[in-house]
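First residue of the sequence shown? That's 0 in numbering that gives the first Met the number 0, and the numbers climb one at a time after it.
Please keep in mind that the hints were generated in silico from the structure rather than gathered at the bench.
If you're wondering where the values come from, they're calculated on a predicted model, not measured in any experiment.
Glycine included, C-beta positions come from ideal geometry on N, C-alpha and C.
Treat the hints loosely; a few may be bogus.
DSS-like mimics (lysine-lysine), calculated; alpha carbons at most 27 angstroms apart, straight line [to be verified]:
#1 Lys244 <-> Lys1
#2 Lys30 <-> Lys244
#3 Lys1 <-> Lys174
#4 Lys30 <-> Lys1
#5 Lys113 <-> Lys93
#6 Lys174 <-> Lys244
#7 Lys178 <-> Lys244
#8 Lys1 <-> Lys178
Label-pair distances were calculated between CB atoms; the ranges are [unchecked claim]:
#9 Glu88 <-> Arg27: 23 to 29 angstroms
#10 Pro170 <-> Ala28: 36 to 42 angstroms
#11 Arg95 <-> Gln234: 48 to 54 angstroms
#12 Val105 <-> Met233: 21 to 27 angstroms
#13 Arg146 <-> Thr3: 23 to 29 angstroms
#14 Val105 <-> Ile143: 16 to 22 angstroms
#15 Ala241 <-> His180: 20 to 26 angstroms
#16 Gly11 <-> Gly249: 16 to 22 angstroms
#17 His180 <-> Val105: 28 to 34 angstroms
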Amino acid sequence: MKFTLLGSGAVGGVPLYGCTCPACVRARAVKDFVRRPASALFEAGGLRIALDAGLTDFGQRFDPCTPGGGLDAVLLTHYHMDHVAGLFEMRWGKGRVLPVHGPLDVEGCADLFKHPGLLDFSHSLEPFAQLEWGGTRITALPLIHSRPTLGYFIQHDGLNIAYLTDTVGLPQETKGFLKAHRPDLMVLDCSHPPRDAPPRNHNDIRLALGIHQSIQPGETWLTHIGHDLDNWLMQNPDALPAHIKMARDGWVWRSVL
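Produce the complete structure using the sequences and hints provided.
Written out as structure tokens, the structure is:
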């Protein structure tokens, strides 16, 4: 089993267009600090599933005409543009139909539903619906966001990964599920540094740390990170406790090294 974080950035990414803050200056100078749209790839036993498709080169990355390049399915957390932008070009391609699973959202995004091309959007998921591919089981978990949004709990070969973006806090039923099925790895939305007022739509660092403490996963990677949080952590480099990490684009988590 292999889990790759394709992107770890909030909408706008890092560096943010036109911004000259220290985090954005650093990201322009050092590629390792660039953050592209939050997304991931799960691979196990020949199965390849993308979680979100906001990367603008998504179709090129997963071109079925290249060896091992295709996908078996796409799981969308929700239909905001930074999570689906890569599908717009891909839909006009050729070849077999690609299943796209996601929350029930009658609006979708722009005209993706109206002109899906080779993408099959008929696989809407209810909260706690389960999908199975061979030895892999994936459970859809409801999240709290500005439009219908799902996280995904991936189980394979006795290991559990929770992918939870975009969200502000967690619904009680999702929190209960995660406590009962303790993740080995939890990838968790955290867009903001500590805020005095309650954050809207995305966790700040206080909320994210509280979720980690409540769930007690083996390890937490923070994702959907904005430049303000990067700046705050440049000033507070020792702010994160053990087992919580600021994720980076390209990070890989494997069941067997």
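Hints versus structure:
1. A hinted pair counts as satisfied when its Cα atoms are at most 27 angstroms apart, and Lys244 with Lys1 qualifies at roughly 18 angstroms.
2. A hinted pair counts as satisfied when its Cα atoms are at most 27 angstroms apart, and Lys30 with Lys244 qualifies at roughly 18 angstroms.
3. Note on Lys1 and Lys174: the hinted pairing holds, with a Cα-Cα distance of about 25 angstroms set against a maximum of 27 angstroms.
4. Restraint check for Lys30 and Lys1: the C-alpha separation of about 23 angstroms stays at or below 27 angstroms, so the hint holds.
5. As the CA atoms of Lys113 and Lys93 are separated by approximately 18 angstroms, the hinted pair is consistent with the 27 angstroms bound.
6. A hinted pair counts as satisfied when its Cα atoms are at most 27 angstroms apart, and Lys174 with Lys244 qualifies at roughly 20 angstroms.
7. With a C-alpha separation of about 20 angstroms, the suggested pair Lys178 and Lys244 falls inside the 27 angstroms cut-off, and the hint holds.
8. A threshold of 27 angstroms between alpha carbons decides the hint, and for Lys1 with Lys178 the separation of about 23 angstroms falls inside it, so the pair holds.
9. In this structure the hint that Glu88 and Arg27 lie 23 to 29 angstroms apart at CB holds, the actual value being about 26 angstroms.
10. With their beta carbons about 40 angstroms apart, Pro170 and Ala28 fall inside the hinted range of 36 to 42 angstroms.
11. For Arg95 and Gln234, the Cβ-Cβ distance of about 50 angstroms falls inside the hinted range of 48 to 54 angstroms, so the restraint holds.
12. Distance hint for Val105 and Met233: a CB-CB separation of about 42 angstroms, inconsistent with the stated range 21 to 27 angstroms.
13. Arg146 and Thr3 have their C-beta atoms about 26 angstroms apart, which keeps the hinted 23 to 29 angstroms range intact.
14. Evaluation of the 16 to 22 angstroms hint for Val105 and Ile143 yields a pass: the beta carbon distance comes to about 20 angstroms.
15. A hinted range of 20 to 26 angstroms holds for the C-beta pair Ala241 and His180, which are about 22 angstroms apart.
16. As the Cβ distance of Gly11 to Gly249 is approximately 19 angstroms, the hint placing it in 16 to 22 angstroms holds.
17. Checking the proposed 28 to 34 angstroms range against His180 and Val105 shows it holds: the Cβ atoms sit about 30 angstroms from each other.
Violated hints amount to a single one, hint 12; each of the other numbered hints is respected by the structure.
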